[in-house]
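Novice: One letter stands for each residue in the lines below.
Protein chains: 2
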Amino acid sequence: MPHLPIALDAMGGDHMPDAAIDGAIAAARRGIPVLLVGDEARLQAGLAERGGVPRDAAPIDVLHAADVIRMEDHAGDVRRRREASIRVAADAVKDGAASALVSMGHSGATMATALLVFGRISGVERPAIVATIPAKNGPVTLLDVGANADCKPGMLQQFAVMGSVYARLAHDRDDPTIGLLSIGEEPGKGNELVRETHPLLARTPGIRFHGNVEGRDLLAGTTDVVVTDGFTGNVALKLAEGEARVLFGWIRDALRSGMRSKLGGLLAKPALKAVANRLDPSTYGAQPLLGVNHPTFIGHGSADARAVDNALAFARDAVDGGLVERLAREVATSITDQASGDAND
Amino acid sequence: MPHLPIALDAMGGDHMPDAAIDGAIAAARRGIPVLLVGDEARLQAGLAERGGVPRDAAPIDVLHAADVIRMEDHAGDVRRRREASIRVAADAVKDGAASALVSMGHSGATMATALLVFGRISGVERPAIVATIPAKNGPVTLLDVGANADCKPGMLQQFAVMGSVYARLAHDRDDPTIGLLSIGEEPGKGNELVRETHPLLARTPGIRFHGNVEGRDLLAGTTDVVVTDGFTGNVALKLAEGEARVLFGWIRDALRSGMRSKLGGLLAKPALKAVANRLDPSTYGAQPLLGVNHPTFIGHGSADARAVDNALAFARDAVDGGLVERLAREVATSITDQASGDAND
Chain A
1 MPHLPIALDA MGGDHMPDAA IDGAIAAARR GIPVLLVGDE ARLQAGLAER
51 GGVPRDAAPI DVLHAADVIR MEDHAGDVRR RREASIRVAA DAVKDGAASA
101 LVSMGHSGAT MATALLVFGR ISGVERPAIV ATIPAKNGPV TLLDVGANAD
151 CKPGMLQQFA VMGSVYARLA HDRDDPTIGL LSIGEEPGKG NELVRETHPL
201 LARTPGIRFH GNVEGRDLLA GTTDVVVTDG FTGNVALKLA EGEARVLFGW
251 IRDALRSGMR SKLGGLLAKP ALKAVANRLD PSTYGAQPLL GVNHPTFIGH
301 GSADARAVDN ALAFARDAVD GGLVERLARE VATSITDQAS GDAND
Chain B
1001 MPHLPIALDA MGGDHMPDAA IDGAIAAARR GIPVLLVGDE ARLQAGLAER
1051 GGVPRDAAPI DVLHAADVIR MEDHAGDVRR RREASIRVAA DAVKDGAASA
1101 LVSMGHSGAT MATALLVFGR ISGVERPAIV ATIPAKNGPV TLLDVGANAD
1151 CKPGMLQQFA VMGSVYARLA HDRDDPTIGL LSIGEEPGKG NELVRETHPL
1201 LARTPGIRFH GNVEGRDLLA GTTDVVVTDG FTGNVALKLA EGEARVLFGW
1251 IRDALRSGMR SKLGGLLAKP ALKAVANRLD PSTYGAQPLL GVNHPTFIGH
1301 GSADARAVDN ALAFARDAVD GGLVERLARE VATSITDQAS GDAND
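These protein sequence lines map, in sequence, to chains A and B. All residue numbers for the first sequence refer to this note's numbering, where the first residue is 1 and numbers rise by one. All residue numbers for the second sequence refer to this note's numbering, where the first residue is 1001 and numbers rise by one.
Just chain A, same shape as in the assembly (with noise of 0.2 Å):
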């Protein structure tokens, strides 16, 4: 049976629909077979100036959406612009068209979309959005970064199962460690939501709560997830992304001075620029938003056509790891066995 293809949004995000068509052919490609969704005729012509899908490739497909959401629009918008290419794609994916969703466009309107088509899994209150961390010794899972700027305990206690389940599935870890992003290690620090999800965490079953992590646990790599509400997780995700560039920066600058270090830098460059890479963004090219009922995937709006590729093949393996299957079993049976836990207590 031929996979179903990825629905990528082409129309929202800075580069569109450039990076989206050169992205989908990359994906295509390496076997990835691709729904381009938006302005039909834009899209056909730029498919045909790039001299159409190559021959070896997996399909790529074109459906037509009318309207866009724009970063300036708000995120509810899409309750009713239904011909926005953001709810034409998520229809596609809800009916059987496509097997998983990409968008770099607005993020808000990318999770109002698919909390309002696809629903949560059951008993996931709140979807959250995960990123990798290129920690010290592999990937950390780092969630929520930003889907839930204010959180409760119990949301929390959800972002650690699904973060437990994915760091099992997206970076092979058998029994993962979850650490609760806090100031201090003791169960007592942290702010009201930490201390008040500490003994919560502590009480439920199928994770491996290792307690309290710091922020300099997180490229350390103290635990496989790290679980924080996702007003910290954004401040931490886009504070790593942004120090890694300066400091870059520093150091090009600092090679650039002075002949000795000029030729030291000349020399040196191909191994900094393996350091330089092992922390580039877009090597995931979009973030999985977990807890609905279809793989979704949220981009940078300034993504380009590589991290459109790899985002593409990020979903492709989403799908074919079962992930949101996986998802929906150990969440229903965390939660009734924390459920029938309570009831000893």
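By construction, these hints were calculated from the structure, which means they are not laboratory data. It cannot be assumed that every hint is accurate.
Calculated lysine-lysine pairs in the DSS-like style (CA-CA distance at most 27 Å, straight line) [what the hints assert, rightly or not]:
(1) B/1136 with B/1269
(2) B/1152 with B/1136
(3) A/152 with A/189
(4) A/262 with B/1136
(5) A/273 with B/1136
(6) A/262 with B/1269
(7) A/273 with A/136
(8) A/273 with B/1262
(9) A/136 with B/1273
(10) A/189 with A/136
(11) B/1273 with A/273
(12) B/1189 with A/262
(13) A/136 with A/269
Which chain A residues face chain B? A few, computed with CB under 7 Å, are given here [stated by the list, open to error]:
(14) 246
(15) 264
(16) 317
The beta-carbon is built from N, C-alpha and C at its ideal position, and this holds for glycine as well.
We have chain A already, so just place chain B on it with the hints.
Specialist: Quick look at chain B alone, frame taken from chain A:
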């Protein structure tokens, strides 16, 4: 008139009293008189072992304290443990025998002591710990980085006023811009605390409010001051420090593999070292606690002699610059202005 000494808790911290004695000698050599507070016999013996106070240096005095608050103790213990080194040191400042308090011990205990013994500047609800981030275009003032895990909008407003004064005094910024750390630049973006604080900062007199900033803006140096709650600020600070450490570790490793990289690394070493030094958190040695009635500095528990020396110099600069007096004046003005402004609403 000779300068008053800086009171140093010589017992609290991982490497005490050795780091305190060595740091005090280094500071005394550059003309900073120090009052070492702790176990008199050990401190005098330590000084004697090092050949006593150098002849051409500023004086180092010893004040006995029979007790010490350890990392595992409760911050609140300072109330009844009046013989603890941190309390004896604070009492010396309060009694006019020293001009500022420096501690590398239990941060919570240092804060509690400063609040108890010094009291808050009139109009300041809660003191804040300030960190200096080595950003792209110079130092960025970040507060609060850990004194208050849960904040209210009025507290963030006071942090903004104190941060503005601090950036002018410590970093020579004429009319510093203030950013509110959030997840999205638009005024409506962020968690509940940020959404309520934004309009408050916009109408606070005496500060130049830029609006929301994101995690990436911290090292990019988008604003001179970044205001946030102590939970987010502490996570951000420790992440920034930890990331720099991990990144330079990777670079070191990369420059050890292969002849070409090794040679390049050798040549580029001084340039790379200069970049690493730019990010060294021990440059300042300690972080000021703003909002209490005497200059108070809190350092890392892991502080070495260099950090102690830097902290003492930093404290001396704050005393000379009249940090506490200026803060008190500005907070009073800002709050009076705002009260009359509100009355006119």
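Novice: Hints first: check each against the structure and report whether it holds.
Specialist: Evaluation of the provided hints:
Distance hint between residue 1136 of chain B and residue 1269 of chain B is fulfilled; the C-alpha atoms sit about 21 Å from each other, no more than 27 Å. A distance of roughly 30 Å separates the Cα atoms of residue 1152 of chain B and residue 1136 of chain B; the hinted pair therefore is violated under the 27 Å criterion. Restraint check: the Cα-Cα separation between residue 152 of chain A and residue 189 of chain A comes to about 17 Å, which is no more than 27 Å; the hinted pair holds. The suggested pairing of residue 262 of chain A with residue 1136 of chain B holds, with an alpha-carbon distance near 21 Å, which does not exceed 27 Å.
Distance hint between residue 273 of chain A and residue 1136 of chain B is fulfilled; the C-alpha atoms sit about 21 Å from each other, no more than 27 Å. The straight-line distance between the Cα atoms of residue 262 of chain A and residue 1269 of chain B is roughly 11 Å, inside the 27 Å bound, and the hint therefore holds. With a C-alpha separation of about 17 Å, the suggested pairing of residue 273 of chain A with residue 136 of chain A holds against the 27 Å cut-off. Between residue 273 of chain A and residue 1262 of chain B the alpha-carbon distance is near 15 Å, which keeps this suggested pair within the 27 Å criterion.
As the CA atoms of residue 136 of chain A and residue 1273 of chain B are separated by approximately 21 Å, the hinted pair is consistent with the 27 Å bound. Restraint check for residue 189 of chain A and residue 136 of chain A: satisfied, since their Cα atoms lie roughly 25 Å apart, inside the 27 Å limit. Note on residue 1273 of chain B and residue 273 of chain A: the hinted pairing holds, with a Cα-Cα distance of about 18 Å set against a maximum of 27 Å. Between the alpha carbons of residue 1189 of chain B and residue 262 of chain A the distance comes to roughly 44 Å, so the proposed pair goes past 27 Å and is violated.
This hinted pair checks out: residue 136 of chain A and residue 269 of chain A have alpha carbons roughly 21 Å apart, not beyond 27 Å. Taking 7 Å as the C-beta contact cut-off toward chain B, the hint placing residue 246 of chain A at the interface holds, the least distance being around 4 Å. Interface restraint check: residue 264 of chain A against chain B, minimum CB-CB distance 3 Å, threshold 7 Å, status holds. Checking residue 317 of chain A against chain B by beta carbon gives a least distance of about 26 Å; that is not within 7 Å, so the hint is violated.
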